[in-house]
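Sequences are here, hints too, so could you generate the full structure?
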Amino acid sequence: GNSVTQMEGPVTLSEEAFLTINCTYTATGYPSLFWYVQYPGEGLQLLLKATKADDKGSNKGFEATYRKETTSFHLEKGSVQVSDSAVYFCALKKAGTALIFGKGTTLSVSS
Amino acid sequence: DTAVSQTPKYLVTQMGNDKSIKCEQNLGHDTMYWYKQDSKKFLKIMFSYNNKELIINETVPNRFSPKSPDKAHLNLHINSLELGDSAVYFCASSPGQGFSDTQYFGPGTRLTVL
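So the protein sequences, as listed, match chains A and B. Residues 7 to 117 (my numbering) are what the first sequence spells out, left to right. Residues 151 to 264 (my numbering) are what the second sequence spells out, left to right.
Misleading hints may appear alongside valid ones.
Restraint ranges, calculated between C-beta atoms of paired labels, are given here [stated by the list, open to error]:
(1) T103/A <-> K172/B: 23 to 31 Å
(2) S230/B <-> T34/A: 32 to 40 Å
(3) N28/A <-> N167/B: 41 to 49 Å
(4) A59/A <-> S230/B: 45 to 53 Å
(5) P158/B <-> A23/A: 18 to 26 Å
(6) T103/A <-> N212/B: 18 to 26 Å
(7) T26/A <-> N201/B: 39 to 47 Å
(8) Y45/A <-> N167/B: 27 to 35 Å
(9) G248/B <-> S64/A: 17 to 25 Å
(10) P16/A <-> T262/B: 38 to 46 Å
(11) S20/A <-> D168/B: 48 to 56 Å
(12) V162/B <-> Y45/A: 18 to 26 Å
A short, non-exhaustive set of chain B residues, derived as facing chain A with CB atoms under 7 Å [what the hints assert, rightly or not]:
(13) Y183
(14) S189
(15) K191
(16) I195
(17) S198
(18) N201
(19) I206
(20) F214
(21) F240
(22) Q247
(23) G248
(24) F249
(25) G256
(26) P257
(27) G258
No wet-lab data here; the hints were simulated from the structure. All C-beta atoms in this analysis are idealised placements derived from N, C-alpha and C, irrespective of residue type, glycine included.
What follows is the structure, given as C-alpha cells:
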C-alpha cells in the first residue's frame with residue numbers, strides 16, 4: 007500500500023543551523039508529495055509541494071526535491087529561525103484519495 | 151475571512167454523549183475532508199465528500215456520521231462518545247480530487263471525552 011516514512015524527532019537545533027528532515031515514500035504510480043507545517047495550537051499549513059519527479063518545491067527558505075529514484079522528498083533549510091519551531095509532516099496524494107501523512111517531526115530551534 | 155472554519159474549537163464532554171462538529175469553507179472548493187489527529191500527532195483520513203457525495207469512508211466506527219448539506223459545509227456527528235474518541239479533528243478542503251490539489255485545513259477541534 008501507499009505510505010510515508012519520516013525521520014523520528016524531536017530535532018533540536020540552534021538558530022542559523024542547517025536543517026534536514028528525511029522523508030521517503032512507498033506508492034504505486036506517481037503521487038504528488040507535500041510538506042505541511044503545524045505550529046503549536048494551529049491547523050496544518052502547506053509549506054511546499056512537488057507533483058512530478060525532479061520537481062523542486064520551495065517556500066520561506068525551505069526546499070524539497072521529488073526524487074523518484076530514491077523515493078524521497080527530504081526537507082531542507084539553510085538557516086533555521088526560532089519561528090520555524092513546529093511539527094513538520096510529509097505527505098503523499100494520489101488522484102481520488104486523501105493525503106497520507108508521515109508521523110510528523112517536531113523541530114525545536116533555540117536562540 | 152477564514153478560508154476553512156470549524157466550530158467549536160474545544161469540546162469537552164462525558165462518555166456516552168452525542169456531539170457534532172461543524173466545518174465551513176469559503177474557497178469554492180468541491181472536495182472536503184475530515185482527519186483525526188491522535189495524541190501522538192498522527193493524522194489519518196476519516197471521510198471525504200465531493201460535491202456532497204461521500205467518496206472516502208475509511209475504517210471508522212459507525213458511531214461517526216458525516217453529513218454534507220451543501221458543498222461548502224461538512225459536519226461530523228459522533229454518537230455514544232468513548233474515551234478513545236479524544237483527539238483533534240481537522241476539516242480540510244481542496245479544489246477537487248486531483249493528485250496535485252492542495253488541501254487547506256481548518257484550525258481543528260480538540261475533543262476531550264471524560
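So, against the hints stated earlier in the document, which numbers end up violated here? Numbers 5, 10, 14, 18 and 20 - these are the hints that the structure violates, sorted from lowest upward.
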